[in-house]
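Asker: Kindly generate the complete structure, drawing on both the sequences and the hints.
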Amino acid sequence: QKEVEQDPGPLSVPEGAIVSLNCTYSNSAFQYFMWYRQYSRKGPELLMYTYSSGNKEDGRFTAQVDKSSKYISLFIRDSQPSDSATYLCAISPWGYNKLIFGAGTRLAVHP
Amino acid sequence: DAGVIQSPRHEVTEMGQEVTLRCKPISGHDYLFWYRQTMMRGLELLIYFNNNVPIDDSGMPEDRFSAKMPNASFSTLKIQPSEPRDSAVYFCASTVGTGDYGYTFGSGTRLTVV
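Chains as they are written, first to last, in our numbering: chain V, 1 to 111; chain D, 1 to 114.
Derived by calculation from the structure, the hints in this document are not laboratory data. Note that the Cβ used here is the ideal one computed from N, Cα and C, for glycine as well.
Here are the simulated SDA-like cross-link-like pairs (lysine to any residue), alpha carbons at most 20 Å apart as the crow flies:
#1 V/K42 / D/G102
#2 V/K98 / D/D56
#3 D/K24 / D/R110
#4 D/K24 / D/K78
Listed next, with one range per pair, are the computed distances between beta-carbon atoms:
#5 D/P70 / V/E15: 45 to 51 Å
#6 V/P14 / D/G97: 37 to 43 Å
#7 V/K67 / D/R41: 22 to 28 Å
#8 D/V114 / V/Y39: 24 to 30 Å
#9 V/N55 / D/Q17: 49 to 55 Å
#10 D/G59 / V/K67: 24 to 30 Å
#11 V/Y39 / D/R41: 19 to 25 Å
#12 V/Q1 / D/S7: 35 to 41 Å
#13 D/Q17 / V/K56: 44 to 50 Å
Answerer: Set out below in structure tokens:
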């Protein structure tokens, strides 16, 4: 079993839709959770990070962590064509600097 | 700051040749990571350094791969001899402290071994 599972998609939605991206993880020692966005032929860039259960909001983006279920989500409201990219979840044990990435979900937002 | 700088952006080489990938981390960052990305396996951590010292190289696939960090502003990843299955995008990333601010990735080196 992989330490982080993420559906690779692809996911295609119309502009303005709410997008839900998800990951599950296997090790309860993981305490640090991040979401990265990767445009085609570019390096991943940090979108959001959190280390506690609950929600964290930043503009149109909301990161949600449920440690009891070992489940993390990223919601994108009012999706835009510019949101078309691959979204990768990443997790790490607390204070241990070694991120493990999910496979990435490819998202396409069409006008 | 110019961010994490990797060179070359693209590399095409013949099987059996030596390949050297280069990385300049962000000034002041004390952690440096080498990742490999393929469609089949996603982003895999190969090795990481803290203050120029290799901490974990358990992801290096085999002895053909080696990495060095001679100083705080430069690292290399070498493959010798290269094989077609090494074809991938290789990313370098850096961060400070325990990574609370996330990693900053370079633009990657797209390696093709023919």
